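Chemist: Just so you know, the protein sequences line up as chains S and L, in that order.
Under our numbering, the residue at position 72 of the first sequence is numbered 72, and the numbers go up by one with no gaps.
Position in the second sequence (from 1) plus 175 gives the number in our numbering.
Since the hints were made in silico from the structure, they are not lab data.
Quantities reported herein were computed from a predicted structural model and do not represent experimental measurements.
Derived coverage of chain L by chain S (criterion: at least 3 residues anywhere in the stretch with Cβ under 8 Å from a Cβ of chain S; other residues may be distant):
{"hint": "1", "segment": "180-188"}
{"hint": "2", "segment": "269-280"}
{"hint": "3", "segment": "325-336"}
Glycine included, each C-beta is placed from N, C-alpha and C at the ideal position.
There are 2 protein chains.
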Amino acid sequence: MFDSHGFHQTAMAELAVAAQVSVGQIYRLFKSKEDIIEALVHDDADQWCGEMAEIQMRMDAGELTIVETFEQLLLHTIDEKDEALSFDILAESFRNAAVADTIGTMCQRFRTYIRYFACAANDKLSGEALDAAEEMILACLFGLGHRSLSRPRLSASSAARLTAEMIVTALGGVR
Amino acid sequence: MFDSHGFHQTAMAELAVAAQVSVGQIYRLFKSKEDIIEALVHDDADQWCGEMAEIQMRMDAGELTIVETFEQLLLHTIDEKDEALSFDILAESFRNAAVADTIGTMCQRFRTYIRYFACAANDKLSGEALDAAEEMILACLFGLGHRSLSRPRLSASSAARLTAEMIVTALGGVR
Numbered sequence: 001m002f003d004s005h006g007f008h009q010t011a012m013a014e015l016a017v018a019a020q021v022s023v024g025q026i027y028r029l030f031k032s033k034e035d036i037i038e039a040l041v042h043d044d045a046d047q048w049c050g051e052m053a054e055i056q057m058r059m060d061a062g063e064l065t066i067v068e069t070f071e072q073l074l075l076h077t078i079d080e081k082d083e084a085l086s087f088d089i090l091a092e093s094f095r096n097a098a099v100a101d102t103i104g105t106m107c108q109r110f111r112t113y114i115r116y117f118a119c120a121a122n123d124k125l126s127g128e129a130l131d132a133a134e135e136m137i138l139a140c141l142f143g144l145g146h147r148s149l150s151r152p153r154l155s156a157s158s159a160a161r162l163t164a165e166m167i168v169t170a171l172g173g174v175r
Numbered sequence: 176m177f178d179s180h181g182f183h184q185t186a187m188a189e190l191a192v193a194a195q196v197s198v199g200q201i202y203r204l205f206k207s208k209e210d211i212i213e214a215l216v217h218d219d220a221d222q223w224c225g226e227m228a229e230i231q232m233r234m235d236a237g238e239l240t241i242v243e244t245f246e247q248l249l250l251h252t253i254d255e256k257d258e259a260l261s262f263d264i265l266a267e268s269f270r271n272a273a274v275a276d277t278i279g280t281m282c283q284r285f286r287t288y289i290r291y292f293a294c295a296a297n298d299k300l301s302g303e304a305l306d307a308a309e310e311m312i313l314a315c316l317f318g319l320g321h322r323s324l325s326r327p328r329l330s331a332s333s334a335a336r337l338t339a340e341m342i343v344t345a346l347g348g349v350r
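Please model the complete structure; the sequences and the hints are all you need to start from.
Modeler: This is the structure:
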């Protein structure tokens, strides 16, 4: 409902009807709609971190080359679902410190994984170069995850594969 | 007002009061709030295309190296203003075909410039490789433009310079 009608256009009472519970029951679990958003962001972050942990394991086990590793990471975000809701939540974070904090904490978890992958591509990365690698990879993941609006020509699989190659080239070139 | 309170939380009547005009006057210019968003997106796109045209001219005149060219492009988006409103508009585009169309058209204009810059970095780029370069650069611009939420360690200027270097390395490595 948040995704199709918008976060602000959906009332707790409507959520209760759709979930076939009473409004009181919803309020026992969530103090407000903001609390539901927090829960959604947490769930989403947990799922994404679980997927990154699995990709990391497969890379460490030698099942994925470094290019395939980045390809898998990109393929995951390129299939972004609930985009309208994602953007509602991002907008909300600028008006609500608790949501901003949840997103900030979530991104710190992402960054830890991303740093690990960057170092796997180039173990000489450190200091500002490593920070910048982290920024660039995060930007590619976020940007490709929201590319549908910009009317891309490339298929998701080609975009993921070719971008993974470019990322690995970019990281390898840093001294 | 859209940025601080949200697009859906701001009434046309409030906009009229803030702009010191009558509600009737606003409705003479804009049929709905959606029309105001369209106008904002158009204005923003025109401004950004103007800036890209200027960067292109300076590059073509030899005033900017290719790394400096990408650095300038990134510096522009890294200073993104009105982020809450941007996200509101992006969310709206998934619920409103007219807004999606405006954003799609705007991105086509951006893509034309981005393609030009990609080819300046590597004139052998063509086909899918060029499409992917376009995707990757667009993702970096969009992603770095919205990096504030992810609590970056790097300053804007370092992030722009080092990401520009990585983009040029990535593009140069494609055959």
